[in-house]
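**Q** Take a look at the letters that make up each chain.
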Amino acid sequence: MTEAELSLFLEASVRLGIPLALAALGETISERSGVINIGLEGSIIAGALGGALGALAFGSAGLGVLTGAAAGMLVAAVFAAFAVGLGADQIITGTAVTLGGLGMTGAVYQARFGATGTELSLPTLQALPLPFLERIPLVGSALFAQAPTAYVAYVLAPMLWYWLFRTPAGLELRAVGEAPDAAKAAGVRVRRVRFLATLVGGVLAGVAGAHLALAHAGTFAENMSAGKGFIAIAVVVLGRWNPLLVLGAALFFGAASALQFFLQALGFDLPYQLFLALPYLLTLAALGGWVGRARAPAALAIPWESE
Amino acid sequence: MAHPFPTRGARTAALVALTVAAATACGGGDAPEAEPTLRVALLTSGPVSDAGWYAGAYEGLMRIEQQFGAQVSHQQTATPAEFDEAFIAYATSGYDLIFAHGNEYQDAAIRAGERFPELTIVVSGGGRVSGNVAPLIFRLEEGSYLAGMAAAAMTESGIVGMVGGVEIPPARGTFVAFEAGARSVDPDIEVLEVFTGDWNDVAAAKEATVAQLSRGADVVIHNLDAASFAVFQAVREARAAGRTTWAVGMNSDQNDVAPDVIIGSAVIRIADAFVETVRMWQAGEVGGAAIYASTRQDVIDFVFNPELLDRVPPEIVQRVSEARDMIRAGTLDVPRIEFVEGEAGVR
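Residue numbers (our numbering), protein chains in the order written: chain P, 1 to 307; chain W, 1 to 347.
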């Protein structure tokens, strides 16, 4: 690869990694509170449709991101009502929310734009190059000539890290995810913390969906989330529930898909499935303890009942 | 094919027979003399809002409803496990004819065909044949070949790209033909090929297209479903950045989906083929062999985008038209990938 090709490859890696990073950062927060939200995919696709409809209604991609975030949060609220409020099984609830989200968005889209679909002309989120930073050799344009939603991910990762590991509120959240009974004894409102953490996850998944529609595709298409919610959950594992590592892991997943397209475009006749599988193999390695030690929050996926 | 669990199979068959008998009994009680209504179902494994492959099938179903007064139903199945369930559900509720719109249904269709001998299943792009299961083969290679000729005439860089979803034989076939068509105009043309592994992943399709555009391609054809929108968007963005780039539509007439960038579309008039298949079915001619739909029946074609026709050299429009006539007449052989049982070299 020449330097120009390398920098194009890095740009593609970041573009593909950003929606994963946003969704995975949100999922990190909810998982740290003990809630594994398999319904993330539902929030992403709702965010994509919400973002597209909002951008059309207000004629602004920026406001579209906000409506996308709201749609993602709404879906997460449905999940939280059952999984946190009623203490229902998180995996089953999440699966239902994902399937429901994919179905509902399809129904709304077809009702609004016709059953056979069309490409929407949406106001798109333009790349916003940051002065000076974008001129850093090699990685500058990849990291700092992206849509504004990318910068949200860069800023959020260290902020969430600080909040989780250096503030009393972050400690409370982690306590809820590790030992909810002990947290309750210490006066933490377990259910409230889990509910809010899940909503935060939904907001960020909604932003990820809006990014897909407004910064990437320029339109909505049914099923356009294409499993990114599930990939984001794997990203959280690979990033070991640490926001900074999660951001890195998301970019790594992005790089693996970008590599696939680049090598194919360069004419290498390799099975594309190989590249799609690569990051998952690493995730398995992380779970198996071969890439550092990965330990999930002790109370993850366990419904909590106050006695 | 021997059933691995004969007893259970027999019991299920008996149960199903009972259900069917009960259903017929009820229906018969209501209107004993009336001509039975034709019941036609459509199965897709992707959304019909893709303005392409699935949308065309859905239009076909709507036409069947209008023209034959048929009772119609559509179901979107997500996983292979649901394929069998969907066939069983339609068969047991008295459907006569099921259009399973994709190569992925072929094995489930054979299984359902064995269990329900009264049912007829038509599998679009399928490769397996039985007494009541017929593949409906669209010779999209022919339209794709013509698209390749147009692409070769439009490219300035001498590089054209193809972005596909999942690498299945019908999709590969269109790309092989596209390349051959392009080479018939310019033997030195470079053709890039990427498969993303997903028909609907817009982010993947976008980056795959961007990668090809950055390798110098300036005309890109796709074989995708809903993700095709991202190909058009990538081509549009490259144009906004000052390049002259074009996209080619596929599966349906997509010229009005992105009229600013699509130079033309390799189309399957899926609705026409479906309506014709129902006519054949009524005449008892469906089953036991593949049904072929090609440029000869006008089901397959390449259609230039009328809004951009002034940008196309008139001599290429002429050459494409001549090539179409030659394909129809059988004097021009379009390369294809054979995948139907019984075809030359396929077992």
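Since the hints were derived computationally from the structure, they do not count as laboratory data.
Among the hints, a few may not be true.
[Said to hold, decoys possible] Which stretches of chain W does chain P cover? Using the computed rule of at least three CB atoms under 8 Å from a CB of chain P, they are:
1) 41 to 55
2) 116 to 125
3) 223 to 233
4) 336 to 343
[What the hints assert, rightly or not] Examples of chain W residues lying across from chain P (beta carbon under 7 Å, computed):
5) T37
6) E207
7) A208
8) G216
9) V257
10) R279
11) W281
12) Q282
13) G284
[As the list claims (entries may be wrong)] Okay, the calculated beta carbon distance ranges per label pair:
14) W:D325 to P:V108: 42 to 48 Å
15) W:E338 to P:G100: 54 to 60 Å
16) W:P335 to P:L266: 23 to 29 Å
17) W:A241 to P:A115: 32 to 38 Å
18) W:D325 to P:P129: 48 to 54 Å
19) P:L287 to W:A89: 43 to 49 Å
20) P:F230 to W:Q67: 19 to 25 Å
21) P:Y162 to W:E190: 47 to 53 Å
22) W:A241 to P:F230: 47 to 53 Å
None of the values given here were measured: they were computed from a predicted structure.
Where a beta carbon is used, it is the ideal one built from N, C-alpha and C, also for glycine.
**Q** Now tell me, hint by hint, if it's right for this structure.
**A** Now the hints, each set against the structure:
Note: the region 41 to 55 of chain W has 7 residues with beta-carbon separation from chain P under 8 Å; the three-residue rule is met and the coverage holds. Against chain P, the region 116 to 125 of chain W contributes 0 residues with a C-beta closer than 8 Å to a partner C-beta. That does not satisfy the three-residue criterion, and the hint is violated. With 6 residues having a beta carbon nearer than 8 Å to a beta carbon of chain P, the region 223 to 233 of chain W meets the requirement of three or more and the stated coverage holds. Restraint check on the region 336 to 343 of chain W versus chain P: 0 residues with Cβ-Cβ distances below 8 Å, three needed, restraint violated.
A hinted interface residue such as W:T37 counts as satisfied when its beta carbon comes closer than 7 Å to some beta carbon of chain P; here the least separation is about 23 Å, so the hint is violated. With 7 Å as the threshold, the beta carbon of W:E207 comes within range of chain P, its nearest partner Cβ sitting at about 5 Å, so the hint holds. Proximity of W:A208 to chain P holds as hinted, the smallest CB-CB distance being about 4 Å (cut-off 7 Å). Taking 7 Å as the C-beta cut-off, the interface hint given for W:G216 is violated, the closest approach to chain P being about 10 Å.
Because the closest C-beta pair between W:V257 and chain P is about 5 Å apart, less than 7 Å, the hint holds. Here the hint on W:R279 is broken, as its CB sits about 23 Å from the closest CB of chain P, past 7 Å. Violation of the interface hint for W:W281 is found here, the shortest Cβ-Cβ separation to chain P being roughly 24 Å, above the 7 Å cut-off. A hinted interface residue such as W:Q282 counts as satisfied when its beta carbon comes closer than 7 Å to some beta carbon of chain P; here the least separation is about 26 Å, so the hint is violated.
Using the Cβ-Cβ criterion of 7 Å, the hint placing W:G284 at the interface with chain P is not satisfied: the shortest such distance is roughly 31 Å. Judged by the Cβ atoms, the range 42 to 48 Å given for W:D325 and P:V108 holds: they are separated by roughly 46 Å. Between W:E338 and P:G100 the C-beta distance comes to about 42 Å, which lies outside the given range of 54 to 60 Å. At roughly 24 Å, the beta carbons of W:P335 and P:L266 sit within the given window of 23 to 29 Å.
Between W:A241 and P:A115, the C-beta spacing of about 35 Å keeps the proposed range 32 to 38 Å intact. Range check, W:D325 to P:P129: about 52 Å between beta-carbon atoms, so the 48 to 54 Å window is met. One distance hint, 43 to 49 Å for the beta-carbon pair P:L287 and W:A89, is violated here, with the actual separation near 38 Å. Evaluation of the 19 to 25 Å hint for P:F230 and W:Q67 yields a failure: the beta carbon distance comes to about 42 Å.
Take P:Y162 and W:E190: their Cβ atoms lie about 51 Å apart, and the range 47 to 53 Å holds. Our hint of 47 to 53 Å for W:A241 and P:F230 is violated, since their Cβ atoms are close to 33 Å apart.
This entry does not satisfy hints 2, 4, 5, 8, 10, 11, 12, 13, 15, 19, 20 and 22, going by the numbered hints stated previously.
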